[in-house]
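Asks: Residue strings, one per chain:
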Amino acid sequence: MLRPLPALPLLALLFAGGVLLAPATAAAVPALPAVQEDDEEKYKFREDPYTEDDPEAWAAAGYLGRDRMKWGDGHGTVDIDQALGGVEVLWVETAHFRIGCSLPEYKIDSDSKDEKEKIRAELKLLQERIPSVPLKPKRLDKWLRLHLYAMRLETLYEEIETLLGVTEEDLPTGPGQLKNGEYMGEGPYLGMTEKFTVLLFEKESSVGRYRNRYVGQSGSEPTRHLWPQTGTMLFVAAQENPGLASDTTMHCMVAYAVTLNLINGFKYYTHELPSWVPVGLGHWFARQVNPKRNYFTEDRIFSEDDKDVWDWAPRVRARVDHEYFPGMTKVFEWKDPLAMKPVEHMMSWARVDYLMHNDRDGLARFVDAMTGRLAGAGQVITPDIVFARQPAAFEEAFGVSPAEMDAAFAEWVLENYPKK
Amino acid sequence: MLTALPREEAVLYLAGDDRRPLIVLRECKLCNGTDDALLSRQEDNTRTLLMTRWFRCVKLPMEVLEENHPFHKLFEEEHPPHLFICRWDGSDAIPLRGDRSRAELWKNMERMLASEYLGSYEDAVKDIEKIFTQYDVLDQRIQRLEVDFESEIEDAGPKSRKLKKIRKDLEEARQDMADLKKREQKVSDIKLKYDDPKFRRESEEVAKS
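Residue numbers (numbering that gives the first Met the number 0), protein chains in the order written: chain H, 0 to 419; chain V, 0 to 208.
Treat the hints as calculated values from the structure; they're not laboratory data. A portion of the hints provided could be inaccurate.
[To be verified] Pairs of lysine to any residue residues, derived as SDA-like cross-links and limited to a Cα-Cα distance of at most 25 angstroms, are as follows:
#, chain 1, residue 1, chain 2, residue 2
1, H, K306, V, I165
2, V, K161, H, P48
3, V, K164, V, M176
4, H, K340, V, A155
5, V, K158, H, H321
6, H, K115, H, E153
7, H, K178, H, R364
8, V, K58, H, A82
9, V, K164, H, V308
10, H, K115, H, E127
11, H, K329, H, M339
12, H, K340, H, E322
13, V, K167, H, Y323
14, H, K340, V, D175
15, H, K291, V, D147
16, V, K163, H, E322
17, V, K161, H, P325
18, H, K306, V, K161
19, H, K340, V, K180
20, V, K58, H, K306
21, H, K329, V, E151
22, H, K340, V, R143
23, H, K117, H, K178
24, H, K291, V, F148
25, H, K112, H, V308
26, H, K340, V, K167
27, V, K163, H, V308
28, H, K340, V, E145
29, V, K158, H, P313
30, V, K158, H, D310
Let's have the full structure, built from the sequences with the hints guiding it.
Replies: The structure is reproduced here in structure tokens:
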């Protein structure tokens with residue numbers, strides 16, 4: 000069983016005391032750290048066999064920087080390398096992420112047609128950026144895994160950006176700016192000042208070391224975290240964390256958790272959105288990866304014993320059939336992903352699934368209304384303020400009352416979700 | 000400029016008002032940020048974790064090896080141990096290496112428990128180990144009943160007769176879990192010799208002599 004993915008321990012809802020950093024200037028050419036000759040062997044693992052560290056191939060792959068990068072409050076990648084003590088981490092910077100990865104070589108599950116086909120399709124896309132990647136490998140080496148996660152993350156970012164209906168031009172280049180007279184956050188990364196950060200380790204102990212040293216938490220479970228001074232949001236997990244040995248399950252979990260970060264980070268993170276939205280969207284994007292292996296609650300993940308527990312559409316339909324499903328006003332009350340029951344995760348997904356099929360613009364308007372500086376709410380936005388704000392924002396965004404949405408949702412579910 | 004405290008002061012500072020025996024660990028480059036100095040990645044840690052409840056466990060950073068670190072005197076040997084066990088006042092210290100066997104670690108933890116506690120820690124350990132097994136069984140039962148509950152609603156609707164029974168079973172299982180937690184707490188509560196006036200008087204007399 001996966002231990003909780005804690006809600007962001009970031010209730011310091013601060014604008015970083017005025018010390019927000021300027022966005023990183025993109026470095027055009029990757030540069031390995033200046034190393035002594037003795038260190039060459041030590042850093043050999045950082046040579047990318049696919050781009051062969053050629054600057055043009057590197058840029059074509061969509062990378063901007065590597066190895067020595069800023070990261071979170073008071074620490075950079077060099078500090079993390081030192082703190083981890085000998086763990087071979089590959090670091091890359093894409094357009095919207097900084098990624099550290101020590102995932103080991105992975106044997107593609109030959110019994111899983113889903114996984115084989117999924118990875119082949121992904122490699123085909125990756126080949127457009129990095130022509131030397133193989134299309135049908137039996138194993139994914141460390142670099143191939145990193146290249147895949149970098150592509151997966153950028154794809155997710157693009158999908159969220161499209162959903163929210165924003166481009167870089169709609170967002171400020173740095174703190175203290177308004178765009179067309181509106182507050183859109185503190186920086187160009189959906190409103191966050193700095194790029195989103197993702198750490199994927201092999202060992203649970205690496206998560207433990209990182210959390211202990213930099214987050215000030217014990218435990219080695221996956222976690223999300225806000226660095227308020229840097230203005231970035233982190234997700235960290237390890238392959239050794241329960242349930243994450245499969246690359247597909249890990250991908251689902253990354254999609255879920257990073258979606259929560261991206262959506263909550265829209266217009267700069269000052270508060271968590273009503274849980275049904277980020278949780279529902281997190282599951283929605285994770286289920287695009289693989290519905291069977293979707294990381295489906297904060298404390299339960301895919302299990303072979305679960306049989307069809309993962310199959311949410313018929314389960315939601317059965318509840319609607321029995322007229323036994325939570326109305327929208329009840330859904331509003333779900334405040335904390337950690338406290339939500341498995342059924343509430345499923346119903347959040349169903350609500351978002353309905354909106355993704357029928358009113359994406361409305362969903363974007365609702366997220367827009369519930370993020371950033373809530374008018375009249377002051378600097379510290381509590382869950383109660385967010386809760387109280389929902390009904391009006393809902394009606395304004397969707398043009399219907401919660402009860403009217405309930406009726407439309409039920410009708411759509413009965414038409415579109417299978418009985419079995 | 001920081002200076003190292005005398006060893007006795009350092010130990011008393013770490014113990015605070017707690018009179019349980021101490022386990023003091025120092026981190027090194029390899030185990031930094033983990034509990035690897037005490038716990039094993041290869042073997043079962045249940046017994047170790049179970050016994051630590053009767054110790055005050057303190058972890059010190061790598062910098063403790065630097066001469067001016069306030070707690071340096073605790074690890075000032077040429078080849079300092081990775082951890083040590085001692086009484087609350089620092090006496091009877093047992094230095095241990097980080098890569099020692101489980102058996103050696105447990106033997107020394109047990110020795111300290113026998114000398115510092117009045118009740119039988121051995122009985123408590125056995126009882127708690129049994130309780131842990133029962134936790135696993137109950138956890139699985141609760142999880143299964145929760146799944147059954149939701150499945151029944153989806154299969155037969157909220158008015159299903161079966162639901163009443165599943166709900167009752169679930170309530171019982173949750174109550175069993177609550178009772179088990181209380182039992183664990185009760186079993187864990189063995190008395191420190193320090194808290195017994197007779198033993199305290201005797202030990203003070205020994206200290207004076």
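Asks: Now tell me if each hint is right for this structure.
Replies: Do the hints match the structure? See the list:
no.	hint	in the structure
1	H:K306 / V:I165	20 angstroms, holds
2	V:K161 / H:P48	60 angstroms, violated
3	V:K164 / V:M176	18 angstroms, holds
4	H:K340 / V:A155	20 angstroms, holds
5	V:K158 / H:H321	9 angstroms, holds
6	H:K115 / H:E153	21 angstroms, holds
7	H:K178 / H:R364	17 angstroms, holds
8	V:K58 / H:A82	16 angstroms, holds
9	V:K164 / H:V308	21 angstroms, holds
10	H:K115 / H:E127	19 angstroms, holds
11	H:K329 / H:M339	12 angstroms, holds
12	H:K340 / H:E322	19 angstroms, holds
13	V:K167 / H:Y323	20 angstroms, holds
14	H:K340 / V:D175	21 angstroms, holds
15	H:K291 / V:D147	19 angstroms, holds
16	V:K163 / H:E322	19 angstroms, holds
17	V:K161 / H:P325	21 angstroms, holds
18	H:K306 / V:K161	21 angstroms, holds
19	H:K340 / V:K180	22 angstroms, holds
20	V:K58 / H:K306	44 angstroms, violated
21	H:K329 / V:E151	22 angstroms, holds
22	H:K340 / V:R143	14 angstroms, holds
23	H:K117 / H:K178	40 angstroms, violated
24	H:K291 / V:F148	21 angstroms, holds
25	H:K112 / H:V308	20 angstroms, holds
26	H:K340 / V:K167	19 angstroms, holds
27	V:K163 / H:V308	21 angstroms, holds
28	H:K340 / V:E145	10 angstroms, holds
29	V:K158 / H:P313	19 angstroms, holds
30	V:K158 / H:D310	23 angstroms, holds
Hint compliance for this structure: hints 2, 20 and 23 are not met, and every other hint is.
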